[in-house]
Amino acid sequence: MKTRRDFLRSAVLGASATWTLPVFVDRTFAELGQSAADSAVQFATGKDDTILVVLQMAGGNDGLNTLVPFGNDEYYKARPQIGKKAKDLIRLEDGLGLNSSMPFLGSLYKEGGLGVVQGVGYPNPNRSHFVSTSIWETADTTNRSGTGWLGRYFDNACEGLDPTVGISFNKTTPESFGAMRNPGVSLSSPELYRWIHGGGQKAEAEGFFSEMNQPMAQDATVSGGSIDMPAGGKTGGIVGESNLDFLERVALDAQVSSKKILEVASKHKTNVQYDGSPISRNLNLVSRMIAGGMPTRVYYVSHGGFDTHTGQVNTHDRLLGQLDAALKSFFTDLKQQGNDKRVVLMTFSEFGRRVSENASGGTDHGKASCMFVAGGGVKGGLYGKYPSLTKLSQGDLNHTVDFRNVYADLLGGWLKAPNIGKILGGDYKGIGMV
Amino acid sequence: MPNENFAREVMELFTLGEGNYTEEDVKEAARAFTGLQLSRFNGEVTENVRNWDNGEKTIFGKSGKYKGSDVVDLIFEKDACAKFMVGKLWEFFAYESPVDSAMEDLARTLRKADYEVEPVLREIFLSKEFYGEKAMASQIKCPVQYLVQMLKELEMDTAPIGFPIQGQIQLGQVLFMPPNVAGWDWGKAWINTNTLLTRYNIAGSLTKGSFEEGKGGGGMMRGMEGKFGRMRGNRLAGRNAAGPDFSGIATESERNDTKTLVDGLIVRFFSVPIPEKARASFVEYANTKRGVSFTDKELGELCHLMLSTPYYQIC
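Residue numbers (my numbering), protein chains in the order written: chain R, 1 to 434; chain P, 435 to 749.
It should be emphasised that the hints constitute simulated quantities derived from the structure, not laboratory data. Built from N, CA and C at the ideal position, the CB exists for glycine as well. Don't take every hint at face value.
Below, in silico cross-link-like pairs of lysine to aspartate or glutamate (EDC-like), each with a Cα-Cα straight-line distance of 16 Å or less [what the hints assert, rightly or not]:
#1 P:K461 to P:D487
#2 P:K568 to R:D275
#3 P:K568 to R:D245
#4 P:K622 to R:D245
#5 P:K622 to R:E241
Covered by chain R, per the in silico footprint, the following chain P stretches (three or more residues, Cβ under 8 Å) [unchecked claim]:
#6 605 to 616
#7 734 to 747
A short list of chain P residues far from chain R (calculated; beta carbon distances all over 12 Å) [as the list claims (entries may be wrong)]:
#8 G489
#9 F510
#10 L523
#11 R545
#12 F564
#13 V582
#14 W624
#15 T629
#16 A676
#17 N690
Could you build all of it, start to finish, from the sequences and the hints given here?
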């Protein structure tokens, strides 16, 4: 099969100039072998298929104050200042409660639409934000993989080379999108996702998306956390590209995806209210893409600021509250569209935090934490086992579930990918959540 | 236990690199750093002895009643520190992932000079490798370099109102506001489909200026009306931008010959050789644009095309 780079090389000129004038486009495509052109612009075939939304909680989310073991005295001994009282929690099971900043997830749990995985981690955990994020993004605990787990899914399980098979709303391409052939695209505002040249090409998508193009607090420093949106230390792309090859390929991906995204984004208007946080805005965009019929199988969004070393409680509760509000709008929106059965959302964070609070009213980098898996396709309930609060490793929780087993569930059970072993680099069984 | 964040990040990100210290080193160093205070008013750091843990600590296998400044000394005594720092310098000025042995040589220079930077920079800039093929045209411009260079190449002494901050925000590098404690990811991280299109559109808003009468200033400027209109009421940002003074960019006689015109602009914009096919396309575009004469408006559109290329992102 022709790769996108072959297509590019056989073109008269790099992507940018080909779209400047219709004449360039015509000529460029005419000079190509038709097959090369087809494979480069062939769209993924997942229009009515299942969709995975990956939501990064960047900075290391404190699982112990998210999913609180209030029945355990050890918890309060370790956290005399920042421990959450039983009466302040949404009770899920005996002795286990959800942070009360997340009423939507609480009710979703009760309706059976939320899977909560307890004690997730991996062997020999690393306490560096950047190394550990890489490990989660590549699903390689030795941190040597050049490709990401989602990129390998695109490469191995998705037909064609449509770059919109994966869309990231991050500032930088997530490492999980790193691939051999197809690393997806990045987007921040569909209306601006095109090359604007001359006065004659007024935006097709102008009116509808202008409201989306509002100021966002995206660049404000998040107080209390030194990690806002880490890109994971490395950037997703195609392995081994020179910088110029890389630029040419990205330019082509942008060109190939631009028109489609503009069209799709203008199709749907929601009457569901999303609040002004960046995570709400980005989930709103995801829902519009889904409503418009994008063939995208994986969307990636980030919610940052979880590195709560000092004065944790307020910051952490606020971040969880923003997440909950965003998820509420998102799932309400999907339901109205009739797409709620097609979408599963998974959260992850590079690590949990130390069991004992520190002297600054915060917590330091730890190990195991929890994950949420939400949506119509999920068998709700608790998965895994809550880690022991007494059998610790250097003051941290030991994991009871390997995150790659959760990935296996979503890849095999939800996205129906064959060849999970190849994608995850090992024989990981799902945990029966989807 | 004291907050161990500073102890970890100072070793991981700024001096030693991951793998060159243990978790115990982090915990013990955090104890030594207790009592350090930062004044939020003047940025001064002081040691408050009453808040200092005066017990014995073991860091990198050495023991003592260390305080914060002792930890800094212990860090700088490690070979990994000099190597880490010269690696950063080399990657900034030359290219990514240099060979190990070369960095060891540079690290020796840095240690010998007691971490004074000038000798090691001299060695880098006078090395053969620095002028080798691998170091040429191998870097992707960071947003600030991209924005400032473009203004200079278009001979614009002042940027349009809102342009510098809006450009930084949209391209992902706001000065003094790094995304996290490690600073910005460099190189390829600057570019994805979204930021590349944004660069192309920013180039359009600069090259076309007021010719578009507020329309084609394009996406970027529309975004700006939202963002800045509310902040300072300059909803006309970009609309009143004059654009470059094209009379200084190409003379009348240069405009009469499209090849001469394009070649002049290539020298102006590209620090790296561009493919012959690209040049031919620029010339062809110029020919189709050319009416009776080559006006400033058409010149602006040609410039926009030339800046909207992968080659322009490289230096």
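Structure-inconsistent hints, enumerated in ascending order: 2, 14, 15
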